[in-house]
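S.K.: These are the residues of each chain, in order.
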Amino acid sequence: MGKIVAVTGNEACAEALKQINPDVCAAYPITPATDLMQRFAGFVSDGKIDTEMVLVESEHSAMSACIGAAAAGGRVATATSSQGLALMWEMLYIAAGTRLPIIMPLVNRALSAPLNIHGDHSDGMGARDTGWIQIYSENAQEAYDNTIQAFRIAEHLDIRLPAMVCLDGFIVSHSIERVEYIDDADVKNFVGKFKAVNPLLDLDNPKSYGPLILTDMYHEYKRAQHEVMTKVPGIALEVAAEFEKMTGRKYGLFETYRLEDAEIAIVVMSSAAGTTKDIIDQYRDKGVKAGLLKPRMFRPFPYVEIADALKHLKAIAVLDRADSFGGYGPLFSEITGSVMSMDTKPPMINKIFGLGGRDYLPNQAEQVLDELVKIAETGKVETIKEYLGVRE
Amino acid sequence: MAKTIEIRWHGRGGQGTVTAAKVLADACLSGGRYVQAFPEYGPERAGAPIRAFNRVSENVIRMYGPVLHPKVISIADATLIDAVNVTDGAPDDAIFVVNTSKDPKEIREKLGAGDTQKVFTVNATKIAVESFGRPLPNSSMLGAITKATDIVEMDTLLENVKKSFGKKFAQKIIDGNLDATKRGYEEVKEG
Numbered sequence: 040m041g042k043i044v045a046v047t048g049n050e051a052c053a054e055a056l057k058q059i060n061p062d063v064c065a066a067y068p069i070t071p072a073t074d075l076m077q078r079f080a081g082f083v084s085d086g087k088i089d090t091e092m093v094l095v096e097s098e099h100s101a102m103s104a105c106i107g108a109a110a111a112g113g114r115v116a117t118a119t120s121s122q123g124l125a126l127m128w129e130m131l132y133i134a135a136g137t138r139l140p141i142i143m144p145l146v147n148r149a150l151s152a153p154l155n156i157h158g159d160h161s162d163g164m165g166a167r168d169t170g171w172i173q174i175y176s177e178n179a180q181e182a183y184d185n186t187i188q189a190f191r192i193a194e195h196l197d198i199r200l201p202a203m204v205c206l207d208g209f210i211v212s213h214s215i216e217r218v219e220y221i222d223d224a225d226v227k228n229f230v231g232k233f234k235a236v237n238p239l240l241d242l243d244n245p246k247s248y249g250p251l252i253l254t255d256m257y258h259e260y261k262r263a264q265h266e267v268m269t270k271v272p273g274i275a276l277e278v279a280a281e282f283e284k285m286t287g288r289k290y291g292l293f294e295t296y297r298l299e300d301a302e303i304a305i306v307v308m309s310s311a312a313g314t315t316k317d318i319i320d321q322y323r324d325k326g327v328k329a330g331l332l333k334p335r336m337f338r339p340f341p342y343v344e345i346a347d348a349l350k351h352l353k354a355i356a357v358l359d360r361a362d363s364f365g366g367y368g369p370l371f372s373e374i375t376g377s378v379m380s381m382d383t384k385p386p387m388i389n390k391i392f393g394l395g396g397r398d399y400l401p402n403q404a405e406q407v408l409d410e411l412v413k414i415a416e417t418g419k420v421e422t423i424k425e426y427l428g429v430r431e
Numbered sequence: 222m223a224k225t226i227e228i229r230w231h232g233r234g235g236q237g238t239v240t241a242a243k244v245l246a247d248a249c250l251s252g253g254r255y256v257q258a259f260p261e262y263g264p265e266r267a268g269a270p271i272r273a274f275n276r277v278s279e280n281v282i283r284m285y286g287p288v289l290h291p292k293v294i295s296i297a298d299a300t301l302i303d304a305v306n307v308t309d310g311a312p313d314d315a316i317f318v319v320n321t322s323k324d325p326k327e328i329r330e331k332l333g334a335g336d337t338q339k340v341f342t343v344n345a346t347k348i349a350v351e352s353f354g355r356p357l358p359n360s361s362m363l364g365a366i367t368k369a370t371d372i373v374e375m376d377t378l379l380e381n382v383k384k385s386f387g388k389k390f391a392q393k394i395i396d397g398n399l400d401a402t403k404r405g406y407e408e409v410k411e412g
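One line per chain: the protein sequences are A and B, in this order. Numbering-wise (the working numbering), the first sequence opens with residue 40 and increments by one. Numbering-wise (the working numbering), the second sequence opens with residue 222 and increments by one.
Just so you know, the hints here were simulated from the structure itself, not pulled from any lab data. Glycine residues also receive a C-beta, built at the ideal position from the N, C-alpha and C atoms. Treat the hints with care, as some may be off.
Okay, the calculated beta carbon distance ranges per label pair [to be verified]:
{"#": "1", "chain 1": "A", "residue 1": "V343", "chain 2": "B", "residue 2": "E265", "range": "42 to 50 angstroms"}
{"#": "2", "chain 1": "B", "residue 1": "I394", "chain 2": "A", "residue 2": "V429", "range": "28 to 36 angstroms"}
{"#": "3", "chain 1": "A", "residue 1": "A224", "chain 2": "B", "residue 2": "F390", "range": "45 to 53 angstroms"}
{"#": "4", "chain 1": "B", "residue 1": "E330", "chain 2": "A", "residue 2": "V95", "range": "58 to 66 angstroms"}
{"#": "5", "chain 1": "A", "residue 1": "E344", "chain 2": "B", "residue 2": "I394", "range": "54 to 62 angstroms"}
{"#": "6", "chain 1": "A", "residue 1": "T422", "chain 2": "B", "residue 2": "G412", "range": "32 to 40 angstroms"}
{"#": "7", "chain 1": "A", "residue 1": "D317", "chain 2": "B", "residue 2": "D309", "range": "40 to 48 angstroms"}
{"#": "8", "chain 1": "B", "residue 1": "K389", "chain 2": "A", "residue 2": "E416", "range": "42 to 50 angstroms"}
To list a few chain A residues with every Cβ distance to chain B over 12 angstroms, as calculated [what the hints assert, rightly or not]:
{"#": "9", "residue": "I156"}
{"#": "10", "residue": "E177"}
{"#": "11", "residue": "S214"}
{"#": "12", "residue": "D300"}
{"#": "13", "residue": "A415"}
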């Protein structure tokens, strides 16, 4: 068994990256991910690992350098947040379209304007369609575990796609909590040796990256990208099963909590799921059959599996820590997509919460559960999309 | 001891209040429990009122967000009693630990603490200055809190103070902080 420590989410992710010791890491600082990369760069400077650390002048350059290094045949990692991810926008698609398994902890933070450094999922949701695998973490332990598993999923020879491991900015990235580290040797063994596929540095077998593909094949290329994504859930579950054997910690495509016999449920990702579980326990004690579903994998999204887990419910609330102005929250849209495959569709509501780090407090979960109780009784939804904890 | 204890720290930027919350988390972790320690992020300037939080539990801690009903309220600077609402959300059995040269009875009155709430005072700044020459009250506050709440064994706390300061400071400073922690434990007064 590894050692038990009190560390922040950032510290835990930096430790995972240290244990994996990637070949190359190109990074640029941005709050709240700065502290993660600062720690990682410290490990490099102290000679604890031999990653080639490339300090660049922007996140666009960071991702560009990661793409170059990955195409050259290296195991590559970086980390970012918010505006940093936004500045990487162009390169994110290139990393995914070129099938380069770059691993990137994304410390979720709100986007400007107005300027805000605190946690919400606007950054990650904006990168939904970039072709990256997206895994969301509830706490520091999950952020650590997911970072390690992400290498295995992304680098799998049937996958070869980049992956972001998301954790809530400040709420998890800067909170100290109990984390169980895995022994260095076990992490190394679990992740395995990196296998380069079509490396540019294999000079005897020259390759071409970044070709022009016009109307003749682009459509097919993109369809193939979707096809490979559909293989990710299977591989992620295999990796999770192996991970559970090593650590005893169980991971799926999503987590359910007291959901099997529930009549009403909240669907929510990341740290807010933890708070919600505590409130669900309180409602269960009062005799209210409440449950929770927490998506872990957001891309690819397990529509059918989630539909199966939600199909018996009388009312569902989907909580989004990001907004789509003029639309429903991004997670809500995915859950409505899941519900499509159900014979009878449960009534659903969408709550936007916690933007720019606004605290998600127990009374907000209570408010949602109270509303769900009423909807389950009457079958009537008054307003589909509303804002939680907002000052009027 | 209750299954989960929640603590709110009131301090001023630069006093090391966040470090104190971290050291306490480390110490409670050594005792095999689950812990959280986190500050409230605002304008990070020296002297500004800041808050930090701990949760310590026998069970996995799933709750995120600020502590709303702290069992223990640590006030590292008594001038904060006039500046911010330090009693906000305090339950009937709250324990206040205040860094002040004043008598606990006087502070009890100033806080408006109820009969079932406990008030402890310690001259943590004076102890700090005498122990290691700087007005940083955290180590003595940690000692005082340990005495007032029994949240952790004193030996475990001392080990973690040593570990925390050992990373960055000279032996003299480490020893001074250990002395300050012990004196905080010994000199805290209930009233």
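S.K.: State for each hint whether it applies.
M.R.: Do the hints match the structure? See the list:
1. A:V343 x B:E265: 42 to 50 angstroms: This hint holds: roughly 47 angstroms between Cβ atoms.
2. B:I394 x A:V429: 28 to 36 angstroms: 47 angstroms, violated
3. A:A224 x B:F390: 45 to 53 angstroms: Distance hint for A:A224, B:F390 is violated at roughly 33 angstroms.
4. B:E330 x A:V95: 58 to 66 angstroms: 59 angstroms, holds
5. A:E344 x B:I394: 54 to 62 angstroms: 56 angstroms, holds
6. A:T422 x B:G412: 32 to 40 angstroms: 53 angstroms, violated
7. A:D317 x B:D309: 40 to 48 angstroms: Violated - the Cβ-Cβ distance for A:D317 and B:D309, about 21 angstroms, lies outside 40 to 48 angstroms.
8. B:K389 x A:E416: 42 to 50 angstroms: 59 angstroms, violated
9. I156: It is violated; A:I156 is separated from chain B by about 8 angstroms at its closest Cβ, not greater than 12 angstroms.
10. E177: 8 angstroms, violated
11. S214: The assertion about A:S214 is violated, with a minimum of 4 angstroms to chain B.
12. D300: 20 angstroms, holds
13. A415: 24 angstroms, holds
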